[in-house]
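Protein chains in written order, with the numbering used here: chain A, 1 to 104; chain B, 1 to 236.
Quick partial rundown of chain B residues pointing at chain A, CB under 8 angstroms, derived from the structure: (1) Q82; (2) P95; (3) G96; (4) Y206.
It should be emphasised that the hints constitute simulated quantities derived from the structure, not laboratory data. Because the structure is a prediction, the values reported are computed rather than measured. By construction, the Cβ of each residue, glycine as well, lies at the ideal position given by its N, Cα and C atoms.
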Amino acid sequence: MSELNEIVEKINQATDYQTNKRILREKTQTDLHVPYNGGLFKISPELIAFLKVWPSDELFLEDTYQNPIKIARDEFFTLCCEHYQIVMNTWHDQHEQIKRIRKV
Amino acid sequence: MATKTTGLPVSLVTDPDTVTDYPFDHVITKENTLKNYKVGEAGAWRNGGRYNAYDLTPYDETIVIDADYFVMDQNLVKLLEQDFDYRIMQKNNLPGNQWKLTMGMVGLPYVWATVIIFRKTKKSEILFDLVKRVQRNYEYYRRLYHMREGNFRNDYAFTIANVILNGYDLNETQGIPWNMLTFAGVITDIELAGSLLKIREDKKAYVIPKQDIHVMDKGFLLSENCQQLVDQLCAA
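Pulled out of the complex, with its shape left as it was, chain B reads as follows (with noise of 0.2 angstroms):
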């Protein structure tokens, strides 16, 4: 889906157990040796190895985009125009209202890792190092920053090695300038309508413009209604 909506070749990064059928560019394993990992319903949900990018990525340009960042629109190849080492997605909205988070109380504006992009120079080097250095010693960091959530969030370890890259400046403008549409809650169906796509949650429902959407329910990922969205997406 991506690659028919940008045209740029797409890889997977995944453990080796991951079967897909689906023609990538490349399918890069790697072995997962995290302990600290989610298991909700949809099954176990690995996602602590993000500073690997730099590494494993076979591209000079690369957008890392998660799993579930649904690619519909031209915008983030825009971006590939300029002159930058990184950028990362600093604003999210929930369709209602914008989501305005701080990692605690009194803790720092998060980024979102669910996107990228970044170009192989030294300073995104650094920037993956030291988001390697963050999860190594994650606890240190937790407490430093005063995070709310126990748990290892790749959000959170980017947001602080961006900060200290950025000589402590809240005020550097690394980010993608748009906000991503975040759906958080439980979806029924996605379908596209033209240039629309409708969208039911359980309570709800939403006729938006085809655009990029973040889904984080992943009971919906791995539905065949996921699998129809993008198979009605591939042959639009």
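Chain A on its own, in the form it takes in the complex (with noise of 0.2 angstroms):
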């Protein structure tokens, strides 16, 4: 193989780390996601935030297809911060993974 063959072998292996690390984080906004009481959720800082300082037991929340969709907040709050907690987990071992891959 002659030298600019294996440079161009090499360009071809080579990945990007920041488009990487972008479907990785568009994959972790999919993840988010959570279904309850009929409805579709996208769990944020702020969701957890509110759900944790709301005073009463139940509230009605707008989901990702702007329905009211009615909540009891201790259980939504523990869906929540238990599938965000995952979630996060998660994004945070495979970045982990990926920052240090240059080469397929």
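Since each chain sits alone in its own frame, please combine them into the complex, following the hints.
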């Protein structure tokens, strides 16, 4: 194999960290969606904080599809915290793996 | 692979000539009478009978996916827990950027018929009937909606049917709320490495989390490498 071919081969095996990182973030945003009581919610720190401080046990929240969904606060809060933690831990683990990879 | 990932039964809709070894829940055959189909290096690509899905499905709730869409995570299943008639994939990303296209220079932004989730309801039935009507009168709708291409595209037919059904309201949210990830280039190999996928294109490589992907390279789908990937995913 000529030197030029070897260089081309190496370039073709190279992977761009920024692109991989962006795809991983996008996947994490998808995974943050959680179905509840017929609605679909994307969990965010704001949603978790809101549920934590809301004073009553029942409330209505707007879901991803702009529908008002009846929420049992404690139950939904627990669900959101658990799901958020799982997704964010996975994000961290996978990010640690991809940031070291420069060649496939 | 989809059954392994989602736990849902999978049925195949194909023409009577297709032979498959996979243990599908149902293999539904339908004579292919389409005159309008693509012939590429990987063979003939007939993709025009999508409106039959409503009548052919043996299920009350159905996720219609193209054969080039790999189901590797649980996200589509989440949608089945909600109340809806149908959901269509609306947003599509390439690895580097968003694939944001309209049907023509002044046309509608289009949906992706690659993934459609529907229940057997009146509204879903009307959607598929409308797609059939658009396909039958495609030349008329092509001119009406200023489409760029002349050949039939399911994506465009579902876009028109969807917008008519929603009272021409482009803000109506019937879509799947996340992005589909599409690889449009020539794929040489996809390898599962733990919770990551290593995807090699002819001039680039990606390392991404294991997730649903849309692979447009029909040559790869018919390759030994693709078979190995499916075996690897099913064994994982």
